[in-house]
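Next come the chains, spelled out residue by residue.
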Amino acid sequence: MIALPLGLVAVLSAVMALTGQGADSVLRHLYLVPTVWVALGWGTVGGGLVGALAGLLHAPVVLPAVERQGITSQTLDGLLSLGLPVLTGLLVGYLADGARARAARLSAVLAIQRRLAEPGPLEAALTGVAQELRLTLGARRVALLVGGDVQTALLASVPVGTLVDPDSAGAFTLATGQPVTSPDLRGDPRLASDPTPEAAPLRGLTLPLASGAGVIGVMAVEWAGELSRATRTAAEELAVHVGLAVENARLTLRQQRFAEELAEKIEAATGRLRELDQAKTEFLSVVSHELRTPLTALQGFSELLLRSALPPEKAHRCLVYLHTEACTLGRIVGELLDLSRIEAGRALELHPEAVDLDALLERNVELFATEHRQHRFEWTRTASGLALHADPDALDRMMKNLLSNAVKYSPRGGRVLVSASPAPDRPGMVEVAVEDDGVGIPAEQLPRIFDKYVRVPHPDTASARGLGLGLCLVKALAEAHGGRVEVDSLPGKGSRFRLLLPEVDRHF
Amino acid sequence: MVLLSAPFDSAAAAPPRPPRRPFAQTGGAAALVVALGAASEMLGAAPAGLGRALATGAAHGGLIGLGWLLATSGAPGWSGPVIRLGVAMTLASVAARLVPWGALAFALMPLLLLLEVRRRPALRALGLVGCRPRHSLAGLAAGGFLGAHLLITASLTFGHRAHTSSLAAYALALAYDVGANVLSAEWLFRGAVFSWCWRRSSFWPAALVSTALALLRYLADPALPPAAEARAGAVFYLGLVGLVGCALRAWSGSLLPGYLGGLAFFAAYRTLAP
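So the protein lines, in turn, are chains A and B.
For the first sequence, position 58 (counting from the first letter as 1) is numbered 69 according to this note's numbering, and the numbering increases by one without interruption.
For the second sequence, position 139 (counting from the first letter as 1) is numbered 199 according to this note's numbering, and the numbering increases by one without interruption.
Hints in this document: simulated from the structure, not taken from any laboratory.
Some hints here could point you the wrong way.
FRET-style restraints, in silico, Cβ to Cβ [unchecked claim]:
1) A:Ile-13 / B:Trp-264: 22 to 30 Å
2) B:Val-189 / A:Val-56: 30 to 38 Å
3) A:Asp-88 / B:Leu-276: 46 to 54 Å
4) A:Ala-454 / B:Ser-70: 28 to 36 Å
Residues on chain A that point at chain B, a partial pick, calculated with CB under 7 Å [to be verified]:
5) Arg-152
6) Val-171
7) Thr-192
8) Asp-195
9) Thr-207
10) Gly-215
11) Pro-219
12) Leu-350
13) Ile-353
14) Glu-354
15) Arg-357
16) Ala-358
To spell it out: a stretch of chain A is covered by chain B in this simulated footprint if at least three of its residues, at any positions, have a beta carbon under 8 Å from a beta carbon of chain B; those stretches are [said to hold, decoys possible]:
17) 44–50
18) 174–181
Even glycine gets a Cβ: it sits at the ideal position worked out from N, Cα and C.
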């Protein structure tokens, strides 16, 4: 396209030469047309060059006149007309460059904001921003370092791949907020870089990216060759825009993350509430069933005793059944009362006294061994005999719950190991462990098994009865004693529950 | 990226100034030989023109030596190449005076210069790198245009004409431009001075300083006709040649386009006859 205005200059010169136009020819003013044309299209350099060309082409007409006539008003006008095109070209080109640069900066700002508003990680958006900056500023390399600390800051550079030294000029600007300008990075004594210079100087500029919160990053730009004042000003303006845009993007990302976390929490809470609701519904169903079973037995055996004159042996057996079911009923009611106390936030009622732990454990083991013949209970009396100051009834319920669970969740029988000893990892605590080789508990369920109404589903134990309160009560009772309960379990391998109770009285 | 990867010390002291001694020694030696040549010419102590040839060769050798020192900051090891180049330039100049085709020795100077800088990568900073063909063509076009413009303007203004007494004389004059006149100007002014200033400042100050120094060198040249219009023309055209050379050096990164432009201009200038 530049050929047309250049052709026009050539045609004008040819016409003036062929028609013998003088220094004051009116045609000379037409040189301004291609000059302005090029200046508008190619800026200061193009306008200046075509203006200079026009002046030079007009010179062979003007200078002979000056030689012949000396300095007169006519020749002076001719001399001025030599400089007019170049001045016009430079001025128009300068204004055109300024307008173009402003438009480019505006376009770059919009592109930067669009990049930073795109969904995705900030690092990827920053790389896009660096690319925009590189194109707009005509730079060789652009890097953006975003973050308060150079070691942890996000880095985006175009071309990709640069190392960050904690003592670099970029780090200096990040720490102090002061820009660094270098007219030639290869020969700058402040920089420990390769001193071998290139054919063109390598200009460098670091600018702080500032927001209301202070310096949030650094923009580092390197140019090969000339760095004009206009380009430097553009870089400074863009750094301000980038700082604000990055801060906005970070705030938006933080807000999004917060909103996502909130949504996740609400979702989790809703799910938990749903589970609890489901568990309560199941609980009511299970409670009804659990209460009905002993009640039915009580009703049946009592009616049998009332209506029939049974021989003493049979009557005694019925009374034993009645007693057993009444105990079961009492245990269920006791658990429900404890649960209501826990839910109400009231302390469990304990009556501590000296307890012979060995005797209590032995009694329970024998009881369960009698009732569950397919399981092999192993119990070793402690060497020294452990004594606790605890509520014997609560301790008994804890053991029964743990043993009951060991039996329930070992549906195919197996070994149940009970042991008691001073806790090796907790000085001052006694450890009572109940270990089975049953179905075990999946890792994801472990955090929930001490919650109320929770029963870990397993196809082999679906028929096991229970309210889902046993472990919750064990935990509450252990904590009421100043102790705790822990579990280790592997699915398919079994579980090991550790009841840890203080050796001496600390809470009563 | 140097700004992020190179350690930075904001309080680092400026590098020490280049030692003055090599500059003084080179400039002094060149000035001494120039003075000797001029004196012998004036006193007629030597065959006609020999003193002048000695002075011309020493002057161009001195310019190349100063360019070398400026580019290397007078780093150790300067004396060998500077002396070799200075002596070679002086011998070429003397050969041009004494031997009929001796001026062709000037044509060897660019090769000798390239041989000397081959093992010194720091001198690439002067612009001793290759360039694209379009850069070279632009240099030739710019120099050719200015040369043609000079011929037309001088013809229309002063009635000068394009003429050469003989092809041989023209070739010998061109050889002088190839190996001394244009070579030393590009080497020192567009290479060393412009590059030195450009690295510390920006294009226009560097271009103006280097062009002003180049104009001083030409105005001090006794070969320039003393007429006012010739001096005004020299300032105008050599100023333009200098600025164009700087622009080509900055645009292409190489001295070659400016060198070719200078040669094209002087190729036209050598045909100018009153």
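Going down the list of hints, with the structure as the test:
1. A hinted range of 22 to 30 Å for the beta carbons of A:Ile-13 and B:Trp-264 is consistent with their spacing of about 23 Å.
2. Hint check: B:Val-189 to A:Val-56, Cβ distance near 23 Å, so the stated range 30 to 38 Å is violated.
3. Distance hint for A:Asp-88 and B:Leu-276: a CB-CB separation of about 32 Å, inconsistent with the stated range 46 to 54 Å.
4. Evaluation of the 28 to 36 Å hint for A:Ala-454 and B:Ser-70 yields a failure: the beta carbon distance comes to about 55 Å.
5. A hinted interface residue such as A:Arg-152 counts as satisfied when its beta carbon comes closer than 7 Å to some beta carbon of chain B; here the least separation is about 5 Å, so the hint holds.
6. At about 11 Å, the closest approach between the beta carbon of A:Val-171 and any beta carbon in chain B exceeds 7 Å, and the interface hint on this residue is violated.
7. Because the beta carbon of A:Thr-192 sits about 10 Å from the nearest beta carbon in chain B, more than 7 Å, this interface hint is broken.
8. This hint holds: A:Asp-195 has a C-beta 4 Å from the nearest C-beta of chain B, less than the 7 Å allowed.
9. Contact between A:Thr-207 and chain B, as hinted, is supported at the beta carbon level, the nearest pair being about 6 Å apart and thus within 7 Å.
10. With a least beta-carbon distance of about 5 Å to chain B, the hint placing A:Gly-215 at the interface is held under the 7 Å criterion.
11. This hint is violated: A:Pro-219 has a C-beta 13 Å from the nearest C-beta of chain B, more than the 7 Å allowed.
12. Nearest Cβ of chain B to the Cβ of A:Leu-350: about 64 Å, over the 7 Å cut. The hint is violated.
13. Against a cut-off of 7 Å between C-beta atoms, the interface hint on A:Ile-353 is violated, since the closest Cβ of chain B lies about 60 Å away.
14. A distance limit of 7 Å between C-beta atoms decides the matter here; for A:Glu-354 the minimum to chain B is near 61 Å, and the interface restraint is violated.
15. Because the beta carbon of A:Arg-357 sits about 64 Å from the nearest beta carbon in chain B, more than 7 Å, this interface hint is broken.
16. Interface restraint check: A:Ala-358 against chain B, minimum CB-CB distance 63 Å, threshold 7 Å, status violated.
17. Coverage of a stretch by a chain is defined here by at least three residues with a beta carbon nearer than 8 Å to that chain's beta carbons; for the stretch 44–50 of chain A and chain B the count is 0, and the condition is violated.
18. Coverage of the stretch 174–181 of chain A by chain B holds [criterion: at least 3 residues with CB-CB distance below 8 Å; count 7].
Violated hints for the displayed structure, listed by number in ascending order: 2, 3, 4, 6, 7, 11, 12, 13, 14, 15, 16 and 17.
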